[in-house]
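Undergrad: Below are the chains, spelled out letter by letter.
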Amino acid sequence: MALVELRDVHKTFAPTKRGGAPIEAIRGVDLDVEAGEIHAIVGYSGAGKSTLVRLVNALEQPTSGSVTVDGTRLDQLGERDLRRVRQGIGMIFQQFNLMRSRTVWGNLEFPLRLAGVGDADRQRRISELLHFVGLADKAHAYPEQLSGGQKQRVGIARALATNPSILLADESTSALDPDTTREVLGLLRKVNEELGITIIVITHEMDVVRTLAHRVSVMEQGRIVESGPVIDLFARPREAVTRRFVSTLVEEVPQGAELEALRRQFAGRLIVVDVEGRTSQSDVFAALATRGLSVEVVQGGVNRVGPAVFGHVTLAVRGEGVDDAVAEVGRLEGVEVLA
Amino acid sequence: MISQDTNLPELWSLIGTATWETAYMVAITVAIGGVLGLGVGLALYATRAGGLFANRVAFTLLNLVVNFFRPIPFVIFIATVQPLARLVVGIGIGNKAIIFAMTLAAMFGIGRIVEQNLVTVDSGVIEAARSMGASRLRILTTVVVPEALGPLILGYTFAFVAIVDMSAIAGAIGAGGLGNFALQYGYRQFDTVVTWTVVLIIVAFVQVGQFLGNTAARRVLRR
Numbered sequence: 001m002a003l004v005e006l007r008d009v010h011k012t013f014a015p016t017k018r019g020g021a022p023i024e025a026i027r028g029v030d031l032d033v034e035a036g037e038i039h040a041i042v043g044y045s046g047a048g049k050s051t052l053v054r055l056v057n058a059l060e061q062p063t064s065g066s067v068t069v070d071g072t073r074l075d076q077l078g079e080r081d082l083r084r085v086r087q088g089i090g091m092i093f094q095q096f097n098l099m100r101s102r103t104v105w106g107n108l109e110f111p112l113r114l115a116g117v118g119d120a121d122r123q124r125r126i127s128e129l130l131h132f133v134g135l136a137d138k139a140h141a142y143p144e145q146l147s148g149g150q151k152q153r154v155g156i157a158r159a160l161a162t163n164p165s166i167l168l169a170d171e172s173t174s175a176l177d178p179d180t181t182r183e184v185l186g187l188l189r190k191v192n193e194e195l196g197i198t199i200i201v202i203t204h205e206m207d208v209v210r211t212l213a214h215r216v217s218v219m220e221q222g223r224i225v226e227s228g229p230v231i232d233l234f235a236r237p238r239e240a241v242t243r244r245f246v247s248t249l250v251e252e253v254p255q256g257a258e259l260e261a262l263r264r265q266f267a268g269r270l271i272v273v274d275v276e277g278r279t280s281q282s283d284v285f286a287a288l289a290t291r292g293l294s295v296e297v298v299q300g301g302v303n304r305v306g307p308a309v310f311g312h313v314t315l316a317v318r319g320e321g322v323d324d325a326v327a328e329v330g331r332l333e334g335v336e337v338l339a
Numbered sequence: 001m002i003s004q005d006t007n008l009p010e011l012w013s014l015i016g017t018a019t020w021e022t023a024y025m026v027a028i029t030v031a032i033g034g035v036l037g038l039g040v041g042l043a044l045y046a047t048r049a050g051g052l053f054a055n056r057v058a059f060t061l062l063n064l065v066v067n068f069f070r071p072i073p074f075v076i077f078i079a080t081v082q083p084l085a086r087l088v089v090g091i092g093i094g095n096k097a098i099i100f101a102m103t104l105a106a107m108f109g110i111g112r113i114v115e116q117n118l119v120t121v122d123s124g125v126i127e128a129a130r131s132m133g134a135s136r137l138r139i140l141t142t143v144v145v146p147e148a149l150g151p152l153i154l155g156y157t158f159a160f161v162a163i164v165d166m167s168a169i170a171g172a173i174g175a176g177g178l179g180n181f182a183l184q185y186g187y188r189q190f191d192t193v194v195t196w197t198v199v200l201i202i203v204a205f206v207q208v209g210q211f212l213g214n215t216a217a218r219r220v221l222r223r
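Just so you know, the sequences run in chain order A and B. Counting in this note's numbering, the first sequence runs from 1 upward without gaps. Counting in this note's numbering, the second sequence runs from 1 upward without gaps.
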């Protein structure tokens with residue numbers, strides 16, 4: 001049984017205006033998140049990602065369907081029991097949501113007091129958390145004295161305070177610059193690897209998915225349209241929305257106008273080599289080089305997800321006997337002749 | 001210009017009494033009205049749509065009551081609540097009765113001020129507290145109020161000045177204080193010196209309150 005299980009979950013919100021239509025935020029979602037994995041949920045704004053993640057810690061209750069976390073049906077629990085469940089699920093936010101009236105120390109103290117942790121244990125735990133996120137020197141700073149990255153690190157420390165088994169990250173890096181994003185993603189990976197905490201991360205940034213997640217689910221209009229290991233989604237996106245997301249990071253094989261432009265710009269023939277491994281790139285290059293042809297990489301890219309490599313390169317090939325060579329190379333698996 | 005026939009020299013001890021009366025009328029009103037107003041404000045904030053204890057019926061009713069009493073000019077309000085004052089403090093005139101009326105008026109006014117300041121608290125912070133498993137009542141007392149403390153202090157300071165203003169017509173039901181004194185011994189006796197002396201004392205009184213409020217708010221807001 002997965003750590004988090006959603007079965008045929010629907011969530012409909014009452015209309016915001018009198019006489020308006022009810023809003024179907026989630027329309028029949030099944031989701032399994034295994035213990036120890038980092039599961040990304042990707043989608044455009046309004047796809048239902050935020051609502052979905054709020055079902056996991058019962059900030060929202062489903063209209064129908066079941067939400068099971070660690071064997072407990074959340075949709076059947078009362079408010080008092082839910083409060084206890086929530087103490088075992090940490091959450092971090094795009095806008096950090098730290099209390100401005102409290103120092104870093106005070107912000108970390110809040111969840112520990114809620115959990116009824118005694119004075120001495122609280123002190124010890126807070127100092128442990130501060131060291132874990134690398135902010136030991138900021139204990140008595142107020143949130144406005146911290147940078148965005150530091151604020152999110154406090155947010156992470158606060159979410160970890162009560163030793164949760166799950167961490168929910170709602171667009172946790174969307175308000176940060178690229179350097180800080182990397183820093184926070186590194187910390188989240190450490191949370192996953194060193195503490196074994198399962199992470200569900202909501203994002204619209206494919207870079208976050210690529211560098212952090214193990215599995216990914218793509219949402220569109222309240223449904224999960226595609227789900228699987230990150231590498232599969234990147235290398236072989238099935239749905240249009242997934243392709244749009246993947247194309248923000250990975251170059252597609254040129255076609256249409258892009259292909260026309262390449263043709264005009266480069267004389268000779270154009271071939272595409274898939275780098276995912278069936279034919280080694282060096283075989284292609286060797287075959288072309290021994291015939292004295294000039295080869296130029298004109299488009300494409302090589303991508304890495306964990307140990308896996310995928311992507312393609314488009315080559316412009318010129319020289320005497322180019323047609324024969326291209327015909328021969330084009331028979332190799334993973335090579336396609338474009339023009 | 002300063003008329004030689006002022007009675008100011010003989011009136012100092014009476015001015016002292018009046019100052020003391022104003023101080024304690026205002027202090028009691030700020031204290032009791034402040035607490036009750038905080039309650040009204042929290043109730044308005046919590047029951048409004050999307051609030052922690054969202055309850056349309058409760059909010060509509062409370063909102064209606066506050067809106068009904070707030071616009072009544074204070075001098076008429078005193079008369080309106082006079083029967084209630086007899087019931088609660090046992091007398092319809094004098095200092096006790098005016099404190100009762102002021103407290104009631106302050107409660108509604110402060111309630112609105114509190115509500116307005118609480119709605120500025122970032123809903124994300126409340127959601128974060130909910131995600132940590134905090135109860136709604138706990139969020140109200142340990143998150144919402146502390147987060148809004150700076151503006152709340154400024155709101156109370158504003159209310160303090162309004163309460164001093166209210167106390168000026170205490171004489172309408174035979175109560176004392178500086179306002180009544182200025183009318184009785186200054187204005188009605190055409191004794192400009194007395195009027196202005198009392199006005200200056202009231203101004204100083206308000207200044208001290210405003211200064212304390214500003215200082216406290218700056219402390220809390222750390223700027």
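Think of the hints as simulated: they come from the structure by calculation, not from any bench. Heads up, the beta-carbon is just placed ideally off N, CA and C, and yes, glycines get one too. Certain hints may be false.
[As the list claims (entries may be wrong)] Only some residues are given here: those of chain B computed to face chain A with a beta carbon under 8 Å:
#: 1; residue: 120
#: 2; residue: 132
#: 3; residue: 134
#: 4; residue: 135
#: 5; residue: 146
#: 6; residue: 151
[Said to hold, decoys possible] Here are some chain A residues the structure puts well away from chain B; computed CB gaps all over 12 Å:
#: 7; residue: 2
#: 8; residue: 16
#: 9; residue: 57
#: 10; residue: 90
#: 11; residue: 115
#: 12; residue: 159
#: 13; residue: 164
#: 14; residue: 252
#: 15; residue: 291
#: 16; residue: 309
Undergrad: Need the list of violated hint numbers for this structure, in ascending order.
TA: 1, 6, 8, 9, 10, 11, 12 and 13
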